[in-house]
Amino acid sequence: MKNGGGEMMRQNLVSIKDMNKDEILLILMQAQKFSQGESWRAGEQTFVANLFFEASTRTKTSFEVAERKLGLEVIPFEAGSSSVLKGETLYDTVRTLESIGVNAVVIRHKEDQYYKQLVNKVNIPVINAGDGCGQHPTQCLLDLFTIQQEFNRFEGLKVGIVGDIRHSRVARSNAESLRKLGADVRFSGPPEWFADDYLTAGDYMELDRLVEEVDVLMLLRIQHERHDGGAEMTKEDYHQMYGLTVEREQRMKPGSIIMHPAPVNRDVEIADGLVECSRSRIFKQMENGVFVRMAVLKKVLEGSNSNELVNQKWQYSC
Amino acid sequence: MKNGGGEMMRQNLVSIKDMNKDEILLILMQAQKFSQGESWRAGEQTFVANLFFEASTRTKTSFEVAERKLGLEVIPFEAGSSSVLKGETLYDTVRTLESIGVNAVVIRHKEDQYYKQLVNKVNIPVINAGDGCGQHPTQCLLDLFTIQQEFNRFEGLKVGIVGDIRHSRVARSNAESLRKLGADVRFSGPPEWFADDYLTAGDYMELDRLVEEVDVLMLLRIQHERHDGGAEMTKEDYHQMYGLTVEREQRMKPGSIIMHPAPVNRDVEIADGLVECSRSRIFKQMENGVFVRMAVLKKVLEGSNSNELVNQKWQYSC
Amino acid sequence: MKNGGGEMMRQNLVSIKDMNKDEILLILMQAQKFSQGESWRAGEQTFVANLFFEASTRTKTSFEVAERKLGLEVIPFEAGSSSVLKGETLYDTVRTLESIGVNAVVIRHKEDQYYKQLVNKVNIPVINAGDGCGQHPTQCLLDLFTIQQEFNRFEGLKVGIVGDIRHSRVARSNAESLRKLGADVRFSGPPEWFADDYLTAGDYMELDRLVEEVDVLMLLRIQHERHDGGAEMTKEDYHQMYGLTVEREQRMKPGSIIMHPAPVNRDVEIADGLVECSRSRIFKQMENGVFVRMAVLKKVLEGSNSNELVNQKWQYSC
Numbered sequence: 001m002k003n004g005g006g007e008m009m010r011q012n013l014v015s016i017k018d019m020n021k022d023e024i025l026l027i028l029m030q031a032q033k034f035s036q037g038e039s040w041r042a043g044e045q046t047f048v049a050n051l052f053f054e055a056s057t058r059t060k061t062s063f064e065v066a067e068r069k070l071g072l073e074v075i076p077f078e079a080g081s082s083s084v085l086k087g088e089t090l091y092d093t094v095r096t097l098e099s100i101g102v103n104a105v106v107i108r109h110k111e112d113q114y115y116k117q118l119v120n121k122v123n124i125p126v127i128n129a130g131d132g133c134g135q136h137p138t139q140c141l142l143d144l145f146t147i148q149q150e151f152n153r154f155e156g157l158k159v160g161i162v163g164d165i166r167h168s169r170v171a172r173s174n175a176e177s178l179r180k181l182g183a184d185v186r187f188s189g190p191p192e193w194f195a196d197d198y199l200t201a202g203d204y205m206e207l208d209r210l211v212e213e214v215d216v217l218m219l220l221r222i223q224h225e226r227h228d229g230g231a232e233m234t235k236e237d238y239h240q241m242y243g244l245t246v247e248r249e250q251r252m253k254p255g256s257i258i259m260h261p262a263p264v265n266r267d268v269e270i271a272d273g274l275v276e277c278s279r280s281r282i283f284k285q286m287e288n289g290v291f292v293r294m295a296v297l298k299k300v301l302e303g304s305n306s307n308e309l310v311n312q313k314w315q316y317s318c
Numbered sequence: 001m002k003n004g005g006g007e008m009m010r011q012n013l014v015s016i017k018d019m020n021k022d023e024i025l026l027i028l029m030q031a032q033k034f035s036q037g038e039s040w041r042a043g044e045q046t047f048v049a050n051l052f053f054e055a056s057t058r059t060k061t062s063f064e065v066a067e068r069k070l071g072l073e074v075i076p077f078e079a080g081s082s083s084v085l086k087g088e089t090l091y092d093t094v095r096t097l098e099s100i101g102v103n104a105v106v107i108r109h110k111e112d113q114y115y116k117q118l119v120n121k122v123n124i125p126v127i128n129a130g131d132g133c134g135q136h137p138t139q140c141l142l143d144l145f146t147i148q149q150e151f152n153r154f155e156g157l158k159v160g161i162v163g164d165i166r167h168s169r170v171a172r173s174n175a176e177s178l179r180k181l182g183a184d185v186r187f188s189g190p191p192e193w194f195a196d197d198y199l200t201a202g203d204y205m206e207l208d209r210l211v212e213e214v215d216v217l218m219l220l221r222i223q224h225e226r227h228d229g230g231a232e233m234t235k236e237d238y239h240q241m242y243g244l245t246v247e248r249e250q251r252m253k254p255g256s257i258i259m260h261p262a263p264v265n266r267d268v269e270i271a272d273g274l275v276e277c278s279r280s281r282i283f284k285q286m287e288n289g290v291f292v293r294m295a296v297l298k299k300v301l302e303g304s305n306s307n308e309l310v311n312q313k314w315q316y317s318c
Numbered sequence: 001m002k003n004g005g006g007e008m009m010r011q012n013l014v015s016i017k018d019m020n021k022d023e024i025l026l027i028l029m030q031a032q033k034f035s036q037g038e039s040w041r042a043g044e045q046t047f048v049a050n051l052f053f054e055a056s057t058r059t060k061t062s063f064e065v066a067e068r069k070l071g072l073e074v075i076p077f078e079a080g081s082s083s084v085l086k087g088e089t090l091y092d093t094v095r096t097l098e099s100i101g102v103n104a105v106v107i108r109h110k111e112d113q114y115y116k117q118l119v120n121k122v123n124i125p126v127i128n129a130g131d132g133c134g135q136h137p138t139q140c141l142l143d144l145f146t147i148q149q150e151f152n153r154f155e156g157l158k159v160g161i162v163g164d165i166r167h168s169r170v171a172r173s174n175a176e177s178l179r180k181l182g183a184d185v186r187f188s189g190p191p192e193w194f195a196d197d198y199l200t201a202g203d204y205m206e207l208d209r210l211v212e213e214v215d216v217l218m219l220l221r222i223q224h225e226r227h228d229g230g231a232e233m234t235k236e237d238y239h240q241m242y243g244l245t246v247e248r249e250q251r252m253k254p255g256s257i258i259m260h261p262a263p264v265n266r267d268v269e270i271a272d273g274l275v276e277c278s279r280s281r282i283f284k285q286m287e288n289g290v291f292v293r294m295a296v297l298k299k300v301l302e303g304s305n306s307n308e309l310v311n312q313k314w315q316y317s318c
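Residue numbers (the working numbering), protein chains in the order written: chain G, 1 to 318; chain B, 1 to 318; chain U, 1 to 318.
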């Protein structure tokens with residue numbers, strides 16, 4: 001457990017691995033309530049800051065809307081014009097925000113497990129909005145929520161994850177969580193991206209067979225910006241070999257759905273015309289992201305308002 | 001008609017050309033009410049995002065204040081740190097914002113008619129805050145409002161527009177609208193900027209005569225950033241030949257006014273000392289911009305809340 | 001007096017030098033009330049903008065939180081995407097914001113005394129959040145507040161200021177204000193940074209003696225970004241010669257405190273392990289910054305709402 005177990009689980013969300021099945025299902029249940037119009041307020045004026053050290057439209061905006069819907073005051077933070085430029089550490093930046101009165105931080109950072117500098121060290125909740133090639137727990141939760149909304153179960157569901165598992169912070173979290181919840185997870189995509197991977201060992205399927213068997217087809221974004229370059233295939237070749245073509249979509253089972261974390265590379269991972277087709281839940285995923293993030297924010301803010309935390313004082317020692 | 005006629009006119013404001021005389025006058029009337037303290041609220045929590053892909057203080061801040069005065073929640077969007085950097089299209093960006101819960105977008109973009117990718121394709125109103133060398137309808141409306149506030153009529157009013165018509169998104173919209181409303185519009189400035197222009201054919205006047213005849217003198221900003229460079233005249237020469245010098249201002253008619261969309265190049269388009277002189281409405285224009293934008297936001301948000309639009313569902317087809 | 005004396009003092013806060021002892025103590029008293037939970041609202045919807053032309057986390061966020069706690073509407077302003085890029089002057093930018101409806105501006109700018117372009121020229125309050133190597137009055141006030149909170153007096157208190165006085169906008173303001181309030185101020189640090197300085201003449205002490213005598217030890221940040229480079233000593237050497245080492249801290253008087261404006265260069269100005277030690281008020285200073293800024297905002301907004309200012313019209317003359 002990365003953040004010291006159940007005690008701190010009320011206060012942070014840094015990794016989906018730290019959450020057991022019940023904790024996951026509780027978040028999904030709360031997200032469901034929010035999607036049906038339930039409202040919740042943190043009480044008196046509560047401040048959050050979104051620290052995005054990597055480019056993002058979707059996740060940042062989604063958190064921002066979620067925060068506003070909960071009546072939180074969102075304090076702007078621009079990584080590019082912050083004291084991080086003067087060499088300040090992430091710890092000092094977050095301790096500063098804590099001192100100034102910020103009640104929770106949402107962070108995206110390119111460093112794997114950046115949150116180890118913070119958890120159990122700062123006294124406000126940290127929500128991980130993506131760390132390097134590591135975790136992206138709210139994306140995982142919104143994917144799970146979208147599946148639950150559709151099928152109302154995970155047990156026995158067949159899920160195919162297609163693409164660049166190795167560089168995807170979504171793929172690993174999703175695969176592990178889905179298996180924890182009882183789903184049967186298979187993988188496809190360029191074989192060289194699966195070599196020596198414990199997750200995918202034995203579970204690789206040819207895409208042309210996979211599309212016919214799955215209830216959920218999760219396409220992954222090609223992370224051009226995380227690859228070293230090198231001799232890669234063309235976009236057209238990728239699409240034909242590992243993408244969801246119009247032809248492949250037609251062979252999918254009735255009732256099966258298509259997911260993608262976005263932004264989509266149109267005509268690469270998925271044919272342009274399929275992005276908004278009737279099977280696609282791509283924009284639904286984005287809509288659901290807001291409700292899941294509201295549920296996560298509620299959870300950590302309620303946790304950090306509990307008596308034991310309010311009474312906990314900083315222990316200074318020289 | 002760019003956006004498909006009256007049906008969608010309630011939902012977007014992309015070009016002043018799409019508005020007839022009555023529609024323009026209704027906006028001005030509502031702006032007048034807002035300037036007198038009328039308030040209007042969109043109802044429950046309503047989200048807008050301002051997508052400015054080009055630098056702007058005036059327009060962006062003006063929209064922001066207008067939005068806050070209407071009680072809207074403004075979701076920050078920084079073009080420089082958005083997924084546009086990952087190659088996402090404008091359409092996907094706006095559809096994302098729509099999915100996340102944003103109820104209207106205001107966009108400035110350097111591409112002419114960028115809005116053709118959006119109108120009738122996304123389901124939330126688009127307000128154009130400037131496209132390339134094309135339209136800037138809220139600037140046009142605030143100019144019209146400032147003139148109406150001063151003279152209480154357009155019919156028979158003589159308006160001179162001076163400067164770089166060809167590169168100005170303000171000039172063309174203003175000239176066409178003013179003529180639609182009955183004003184007599186003339187042009188001046190460097191002749192090479194008027195060659196082969198349908199707008200200005202036959203309506204060119206020497207500046208020294210023009211300043212004596214007009215009720216409204218609209219100076220245009222020299223768009224250094226849109227010119228290719230080349231052998232242009234010095235700032236001093238421009239000022240002497242085509243700028244409003246102190247001497248020229250003294251020959252203007254009693255009651256005539258000076259306008260400029262700003263930012264002003266002081267001592268180029270207008271003598272430094274005239275920027276805040278008694279004839280100048282330059283800062284008044286900025287003040288009026290907020291009221292006009294409130295009126296436009298009210299219009300599109302009322303339109304998009306109408307039953308027929310709420311009932312309109314996205315038609316997905318594979 | 002930089003801003004024309006008492007008349008305008010109600011409207012701006014540009015320099016601590018303009019404030020007399022009573023004015024300073026009134027701000028501290030109000031900050032104390034805010035720290036104890038007092039609330040104050042500016043009345044109807046009031047807009048402020050924070051114009052930070054230099055990188056800052058602490059100060060900008062602190063103002064932002066202070067503004068929200070007073071119920072102000074904070075209009076975002078990003079220097080990097082503003083019309084300043086089109087060559088607009090600071091005066092025109094602030095006049096624009098004023099016209100658009102902004103009721104007060106907070107400015108950080110790298111130019112010394114940038115505010116001389118604004119004070120008595122624009123009609124909204126200007127709060128200086130740092131000018132070049134000049135003033136940083138709210139930092140000074142929060143330092144004074146932190147000292148008063150600790151000792152409940154200034155008279156007879158011995159304060160040591162250590163480091164790069166010459167490049168610090170904090171050091172000079174603090175030294176002058178502390179002397180005005182009756183404290184005994186001494187200096188230490190690299191002697192070459194004190195040459196020919198009226199402030200420090202005769203008041204230089206060896207650091208090893210200073211640490212044993214002071215009630216308050218104020219460490220200054222090494223402003224790497226303001227130095228020309230050149231042959232400077234290593235960080236390790238600086239720490240051993242002029243930094244607060246663990247050994248030096250152990251010789252400090254009982255009840256004495258450590259201050260630093262932050263961001264801290266750990267193991268340079270102060271040993272890493274001392275940053276959050278029991279003597280340290282470094283994060284307390286940040287917490288106090290919010291209350292002091294609330295007090296300053298209240299002061300200038302009350303001033304600018306007074307009748308004489310509301311009735312004051314702009315005098316245009318050609």
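Any given hint could turn out to be false.
Which copy is meant is left open, because identical chains are indistinguishable; a pair holds if it fits in one copy or across any two.
[As the list claims (entries may be wrong)] Derived SDA-like pairs: lysine to any residue, alpha-carbon spacing no greater than 25 Å straight-line:
hint	residue 1	residue 2
1	Lys298	His239
2	Lys121	Val264
3	Lys110	Gln250
4	Lys17	Met233
5	Lys116	Tyr238
6	Lys158	Ala201
7	Lys121	Glu88
8	Lys284	Glu44
9	Lys158	Arg279
10	Lys116	Gln148
11	Lys298	Thr46
12	Lys110	Asn265
13	Lys284	Gln45
14	Lys21	Gly182
15	Lys158	Gln117
16	Lys121	Ala271
17	Lys116	Phe283
18	Lys298	Glu73
19	Lys284	Glu212
20	Lys284	Asn120
21	Lys17	Asn123
22	Lys235	Pro76
23	Lys284	Val119
24	Lys21	Glu302
25	Lys33	Glu150
26	Lys21	Glu236
27	Lys110	Leu157
28	Lys284	Glu78
29	Lys17	Pro254
Hints were generated in silico from the structure; no laboratory data involved.
Next on the checklist: Taking the earlier hints as the rules, which of them does this structure contradict?
Outcome noted: 1, 3, 4, 5, 10, 15, 22, 26, 27, 29
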